[in-house]
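A.B. asks: Residue numbers (the UniProt record's numbering), protein chains in the order written: chain A, 1 to 276; chain B, 1 to 287.
Keep in mind that the hints were calculated from the coordinates and are not lab data.
These numbers were taken from a predicted model, which means no experiment stands behind them.
A few of these clues could be false.
Far from chain A, some chain B residues (derived; all Cβ distances over 10 Å) [what the hints assert, rightly or not]: (1) T61; (2) H97; (3) I145; (4) H147; (5) N282.
Stretches of chain B that chain A covers, calculated by requiring three or more beta carbons in the stretch to come under 8 Å of a beta carbon on chain A [claimed, not checked]: (6) 114–124; (7) 128–138.
All C-beta atoms in this analysis are idealised placements derived from N, C-alpha and C, irrespective of residue type, glycine included.
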Amino acid sequence: MNSERRGPGFYVLTAFFVLFVLFLYGPLTTIFILSFQGPNGGLTFPMNGSSLRWFENLLFEQQAVGDFGGAFSRSLMLGLMTMATTVVVSLLAGLAFRRRFLGAGPLFYLTIASLIVPSILISLGIGLAFNVAGLEPAWYSSGFGAHLTWTLPFGLLIMFAVFNRFNPAYEEAARDLGASPWQTFAHVVLPIILPSLIGVGLFGFTLSYDEFARTLMTSGSFNTLPLEIYGMTTNVTTPVLYALGTLTTVFSMAIIVVALASIAVLRRRRARRVAG
Amino acid sequence: MTLSRLAPRLAPYLQAMPLTLILAAFLVLPIATIVMVSFWDYDSIRIFPAFVFTNYQETITSPVTWSTYINTLKYTVIVWALTLVIGFWVAYYLAFHIRTATTQMVLFLICTIPFLTSNIIRMISWIPFLGRNGLLNQTMMSLGIIHQPLEFLLFSDFAVVLAMVHLYTLFMVTPIFNTLMRIDRSLIEAARDAGASAFQILTNVIIPLAKPGIAIGSIFVVTLVMGDFITVRFMSGGQSASVGLMMANQIALLQYPAAAANAVILLILVLLLVGGILRIVNIRKEL
Numbered sequence: 001m002n003s004e005r006r007g008p009g010f011y012v013l014t015a016f017f018v019l020f021v022l023f024l025y026g027p028l029t030t031i032f033i034l035s036f037q038g039p040n041g042g043l044t045f046p047m048n049g050s051s052l053r054w055f056e057n058l059l060f061e062q063q064a065v066g067d068f069g070g071a072f073s074r075s076l077m078l079g080l081m082t083m084a085t086t087v088v089v090s091l092l093a094g095l096a097f098r099r100r101f102l103g104a105g106p107l108f109y110l111t112i113a114s115l116i117v118p119s120i121l122i123s124l125g126i127g128l129a130f131n132v133a134g135l136e137p138a139w140y141s142s143g144f145g146a147h148l149t150w151t152l153p154f155g156l157l158i159m160f161a162v163f164n165r166f167n168p169a170y171e172e173a174a175r176d177l178g179a180s181p182w183q184t185f186a187h188v189v190l191p192i193i194l195p196s197l198i199g200v201g202l203f204g205f206t207l208s209y210d211e212f213a214r215t216l217m218t219s220g221s222f223n224t225l226p227l228e229i230y231g232m233t234t235n236v237t238t239p240v241l242y243a244l245g246t247l248t249t250v251f252s253m254a255i256i257v258v259a260l261a262s263i264a265v266l267r268r269r270r271a272r273r274v275a276g
Numbered sequence: 001m002t003l004s005r006l007a008p009r010l011a012p013y014l015q016a017m018p019l020t021l022i023l024a025a026f027l028v029l030p031i032a033t034i035v036m037v038s039f040w041d042y043d044s045i046r047i048f049p050a051f052v053f054t055n056y057q058e059t060i061t062s063p064v065t066w067s068t069y070i071n072t073l074k075y076t077v078i079v080w081a082l083t084l085v086i087g088f089w090v091a092y093y094l095a096f097h098i099r100t101a102t103t104q105m106v107l108f109l110i111c112t113i114p115f116l117t118s119n120i121i122r123m124i125s126w127i128p129f130l131g132r133n134g135l136l137n138q139t140m141m142s143l144g145i146i147h148q149p150l151e152f153l154l155f156s157d158f159a160v161v162l163a164m165v166h167l168y169t170l171f172m173v174t175p176i177f178n179t180l181m182r183i184d185r186s187l188i189e190a191a192r193d194a195g196a197s198a199f200q201i202l203t204n205v206i207i208p209l210a211k212p213g214i215a216i217g218s219i220f221v222v223t224l225v226m227g228d229f230i231t232v233r234f235m236s237g238g239q240s241a242s243v244g245l246m247m248a249n250q251i252a253l254l255q256y257p258a259a260a261a262n263a264v265i266l267l268i269l270v271l272l273l274v275g276g277i278l279r280i281v282n283i284r285k286e287l
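Can you make the complete structure from the sequences, with help from the hints?
C.D. replies: Spelled out as C-alpha cells, the structure:
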C-alpha cells in the first residue's frame, strides 16, 4: 500500500480524521477560552472581556461550596498510591504469567472481569462490603481498592504486550554469564521494560486522578477532585467551573507530557548505547 | 537444596499473589456482598439481613424497570454503532494511510490523550458548545439556518449519545488499530494481485481479520454504556433514565437491597452480552 500515489480515499479519510480530532479537542478548547472570561462574563460565549478573575477566584478566595485544595491533594495522594501499587503489582503479575501456574486462567479472567464489570457495581459492592463489615469507607482504603480494580487490568494488559515481545535470549545470555536471578532481573529485564513501566505508571496515575464512578460510594466523607467538580456543576454558575476544568486538564496533560518525554529519553539513550 | 529447587516453582504464585488478593478483596468480595444484600430487607432507615425475593420481584414487575432497561439498551445500540463506524475508520486511517511509524505514533497519541483526562470535564465542556446560547446555536442563527435556538442540543438523548461517543470512541480505536497493524500486508497485496477491488479487499480481507479487535472494542463500549450513569444524568439534565442512574438514585435513597438486586440483573445482562460477543468472535488469539 505504501510507496503508491495517494488515492481519493486518503483525502476523504484525512478529512474524517481531522474532524474526529476536532470533535475530541474542540469542546475542551472552548472551556479553556471561556475560563479567561471577563469578571462579568457568563458560562457561554460571547467573551465579556478577558481576565484571570476566575483563576484568582478559584485559587485565592473562599468558595461558597467545596474544598478545592483539599480535594486536589487527596486526588494527588490517591493517584500516587494507585500509580505505585499498579506498577509493582502489574509487573509482578506480568512476570508470573510468563510461566505456567495453577489458576493462571481464572486469575486472567478475573482481571478482565474487573475491567468490564460496570463501575457503579464496584462502587456499590465495596461500599456495601465496608458497610456490612462495619468499616468506615475512606478514599485511602475503599477508594484506593476501587481505583486498583480499574487500573490493574490496564497495567496487566500492558505487561502482557511487553512480555509477548520480550526476547528471552537476553535473560539466557545473562544467566550463561553467571548472573543470579535477581541480577538478571535488575540489570537486564528491568532496564529493557522500564519505558513500558512508565506507561503503566501513567495509566495508573491518570486513571485514578480522573476516576469518578468507582469513587462515588467509596471515598467516604472527603471528596476526591472529580467528585468535587461534579458537585460544583450543580451549584456553581460562574466560569470558575471552567477555570477549575482548565487547571486540572493542564495538570493531567503535564503529567502525560512528562511521562511521554521520559519514555522518549530512555528510548533514545538506549538506541545511542546500542549504536555506540 | 530443596529450597533452591522449590523457589522457581513457587515464584509465579508469589508474584501473582498481590493481584489475586487485591481482586479478591475489591472485586470478588464486593460482588458477593451485592448478591447477598440483594436478598436482604430494608425499611426507610436501615437494611437488615433476611432472605427475601421482594427486591427482585419489585424490580422485575415494575414497568419503570423495563422501560429503563430498554432505554439503556437503546443507548447501547446507538453508541455502539456510532463508535464502531467512527473507531474503525480512524483506526483504518492510522494503520493503512499513515506511512511512517513516528507519524502513526504521534497521531495515535493525539487520539489517546483525551482519554487520560477527566470525563467530567469533557462532559462539562459541551455546555458552552451545545447550550441554548451556545456556540452551535449562535453560529447557526447568525448564518440564518435557524431562527430560534434549538432546545434539544443540550440536556437530551441527543446530548447523551454525543457525549458517550465523545468519551468512548477511543475504546474502539485502540483495539481495532492493534489488530489492523498485525494484518500481514502481503495478504492485501495478494488480494489486489488477484484482482480484488478496494471494497472487496476491505470486506473480504481487512474486516474479517479485524474482527477480534472489533469484538474487544465492542465489549468495552457495551459494558461502559450499560453501566453508565453519570453521562446520562449530566447530559440529559435528569430527563432520561438508565439502569446505572436508577441504581444511583436507589443508593441515594439508601435502598441498598433494591440497588443490589438491580446490580445483579445488570451484571447478568452485561455478562450475557459479553458472552454473546465472544461466541461470535474468538478473541483468544489477541490476548
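A.B. asks: State for each hint whether it applies.
C.D. replies: Hint-by-hint comparison with the structure:
no., hint, result
1, T61, "22 Å, holds"
2, H97, "5 Å, violated"
3, I145, "17 Å, holds"
4, H147, "19 Å, holds"
5, N282, "15 Å, holds"
6, 114–124, "holds (count 9)"
7, 128–138, "holds (count 7)"
Violated hint for the displayed structure: number 2, the only one.
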